[in-house]
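2 protein chains.
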Amino acid sequence: MFTLPLLMQPQTLINGQASDAIGLSDRGLAYGHGLFETFLVIDGQPVFYQEHLQRLFRGCKRLGIPSDCLDSLIQQDLQKLVYPAGRCVLKLILTCGSGGRGYLTPDPASPARILILTSMPEYPDSPEDGIRVRWCQTQLACQPLLSGIKHLNRLEQVLARNEWHGTDIREGLVCDTRGFVIEGTMSNLCFIHEGRFCTPALDQNGIEGVIRNQLMQLAVQQGLKVEVSNYTPQDVLSADEIFLCNSLIGVWPVVALENHQYAVGPHTRSLQAALTQRMVQC
Amino acid sequence: MFTLPLLMQPQTLINGQASDAIGLSDRGLAYGHGLFETFLVIDGQPVFYQEHLQRLFRGCKRLGIPSDCLDSLIQQDLQKLVYPAGRCVLKLILTCGSGGRGYLTPDPASPARILILTSMPEYPDSPEDGIRVRWCQTQLACQPLLSGIKHLNRLEQVLARNEWHGTDIREGLVCDTRGFVIEGTMSNLCFIHEGRFCTPALDQNGIEGVIRNQLMQLAVQQGLKVEVSNYTPQDVLSADEIFLCNSLIGVWPVVALENHQYAVGPHTRSLQAALTQRMVQC
Chain U
6 MFTLPLLMQP
16 QTLINGQASD
26 AIGLSDRGLA
36 YGHGLFETFL
46 VIDGQPVFYQ
56 EHLQRLFRGC
66 KRLGIPSDCL
76 DSLIQQDLQK
86 LVYPAGRCVL
96 KLILTCGSGG
106 RGYLTPDPAS
116 PARILILTSM
126 PEYPDSPEDG
136 IRVRWCQTQL
146 ACQPLLSGIK
156 HLNRLEQVLA
166 RNEWHGTDIR
176 EGLVCDTRGF
186 VIEGTMSNLC
196 FIHEGRFCTP
206 ALDQNGIEGV
216 IRNQLMQLAV
226 QQGLKVEVSN
236 YTPQDVLSAD
246 EIFLCNSLIG
256 VWPVVALENH
266 QYAVGPHTRS
276 LQAALTQRMV
286 QC
Chain C
6 MFTLPLLMQP
16 QTLINGQASD
26 AIGLSDRGLA
36 YGHGLFETFL
46 VIDGQPVFYQ
56 EHLQRLFRGC
66 KRLGIPSDCL
76 DSLIQQDLQK
86 LVYPAGRCVL
96 KLILTCGSGG
106 RGYLTPDPAS
116 PARILILTSM
126 PEYPDSPEDG
136 IRVRWCQTQL
146 ACQPLLSGIK
156 HLNRLEQVLA
166 RNEWHGTDIR
176 EGLVCDTRGF
186 VIEGTMSNLC
196 FIHEGRFCTP
206 ALDQNGIEGV
216 IRNQLMQLAV
226 QQGLKVEVSN
236 YTPQDVLSAD
246 EIFLCNSLIG
256 VWPVVALENH
266 QYAVGPHTRS
276 LQAALTQRMV
286 QC
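Protein sequences appear in the order of chains U and C.
Per the numbering used here, residue 6 is the first one in the first sequence, and the count goes up by one each step.
Per the numbering used here, residue 6 is the first one in the second sequence, and the count goes up by one each step.
Among the hints, erroneous ones may be present.
Each pair may be met inside one copy or between any two copies, as identical chains are not told apart.
DSSO-like, lysine-lysine: derived pairs with alpha carbons at most 30 Å apart [said to hold, decoys possible]:
no., residue 1, residue 2
1, 96, 230
2, 85, 96
3, 155, 66
4, 85, 66
5, 230, 85
6, 155, 230
7, 155, 85
Think of the hints as simulated: they come from the structure by calculation, not from any bench.
Please model the entire structure based on the sequences and the hints provided.
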């Protein structure tokens, strides 16, 4: 394993070959017929690799994308990349491959594995110590056929994230058309209420985050009762501690939600520390 | 304008340059942040060009994609293609362009215009004289923010279209999560009931087809009352005439919906003929 200077050029592979462009007939472009995973990579090791892959496999099953030998093919791809020391980001896109004009999946389908290795985004304002968030007006549709998985149809997230500009607000919380709070535009939502670890149910929409699942396990280990349910904005506002999570940011405590202030609480700090330890170990 | 032999190679342009591949950081691939239009081209002329472009502009506004000079840029692109005599298909994809990892649209965004010119699909079994259709189990979510426009998030259509194989059934009808019939997987639905021209409301989901709009105008001209409403499967089943439409197929009469048989009725034939005339004239 080689090391690279800090400012790295993106490295891109398609099906194991160096390439930075994909054919115009790819179903990922035409219909969003594909999935993606964003890995934090530490010293050349993708963190929570198996957990990301399990979600990818669930998505393949849902979208009719063949996944034979996918694990070993990705493993081979990963060995062709040159990793910097420390942290970087690996984005894996799996599309259903090329296939004519119609919505019908070609038989056999030839999925395209796209790997993009880039440098870690920098957050000079220490968001791990607390961020300000807002409510988004964009509401997520209810579509159980697509909920939980990380597919390429992300227009709702694009609309929600474009509701604000500037760096003061780091994330927006999104409700669905029923009025329940689901997640952030790029993160999962967790909060502590009267000693319970709470996170929204994702059976109608939202993405089941790898870090969300890890935090649920860690919460149980730390003696917290874990509750997955439908929550209104008022439920979230009345929480004792609020935090957001994803694979790159880990845990970001929320210190302000619109005009409501929150302290970075003991459960948030404890889970954040336990997650950091688990990320380095895995 | 040159002519080409019948079996043409696809011609592809990206922003006016010959290219058959798009960069991996394009937001069309990453999030489906884009739109598309499928034009029938007759003797080098895209049919209902302005109507397609108006839908494209509506989509741009909805998705925050800049559309300055877009019409004239597409006109310039169109002049770089070599058209066969007779009919062919032009697919235009407009993405929000390249833009990093995040959902936030880059400022300024540089949209990508993708043109793909291919030969006309062949239908040797004369579907213009009647097709068999089925019900799909896939239900469309209700998302008014994305309804009507022809965006690149088409996983629901992919799921619905993959519910059946074989060529006996040519199209599937899709309901939404409220239980209302919305459209076919690749077509709009119209039906005649007691002398009224009926087509589902598309304020919650579905694509506002260019041909659907043309047929609504033609129906008025032919003295039919036009009704746009929410219809149940039973409403459709009890229709006197049923037909499907899109830019490539024109009008396909439905002669069987599951086990129910329908005649190709006089209104269907009359609208089909009027549409054909308008397509050639425009």
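Query raised in the report: At most 30 Å between C-alpha atoms: does residue 85 with residue 66 qualify within a copy, between copies, both, or neither?
Result: Answer is within; shortest intra-copy Cα gap is 27 Å, inter-copy 42 Å.
Report task. Have a look at residue 155 and residue 85 and pick one of within, between, both or neither, based on CA distance no larger than 30 Å. Result -> within (25 Å within a copy, 38 Å between copies)
Report task. Indicate which option fits the pair residue 155, residue 230 if close means a Cα-Cα distance not exceeding 30 Å: within, between, both or neither. Result -> For residue 155 and residue 230, the Cα distance is within 30 Å only inside one copy (27 Å; across copies 45 Å).
**Report entry** Intra- versus inter-subunit Cα pairing at 30 Å for residue 85 with residue 96
**Finding:** Answer is within; shortest intra-copy Cα gap is 15 Å, inter-copy 36 Å.
Query raised in the report: Is the C-alpha distance from residue 155 to residue 66 at most 30 Å within one copy, between copies, in both cases, or in neither?
Result: For residue 155 and residue 66, the Cα distance is within 30 Å both inside one copy (12 Å) and across copies (26 Å).
Report task. Measure nothing new, just compare the shortest in-copy and cross-copy C-alpha distances for residue 96 and residue 230 to 30 Å and report within, between, both or neither. Result -> neither (33 Å within a copy, 53 Å between copies)
Query - Same-copy or cross-copy closeness of residue 230 to residue 85 [CA-CA at most 30 Å] - result: For residue 230 and residue 85, neither the intra-copy (43 Å) nor the inter-copy (64 Å) Cα distance is at most 30 Å.
In the structure shown, a violation is registered for the earlier hints numbered 1, 5, in ascending order.
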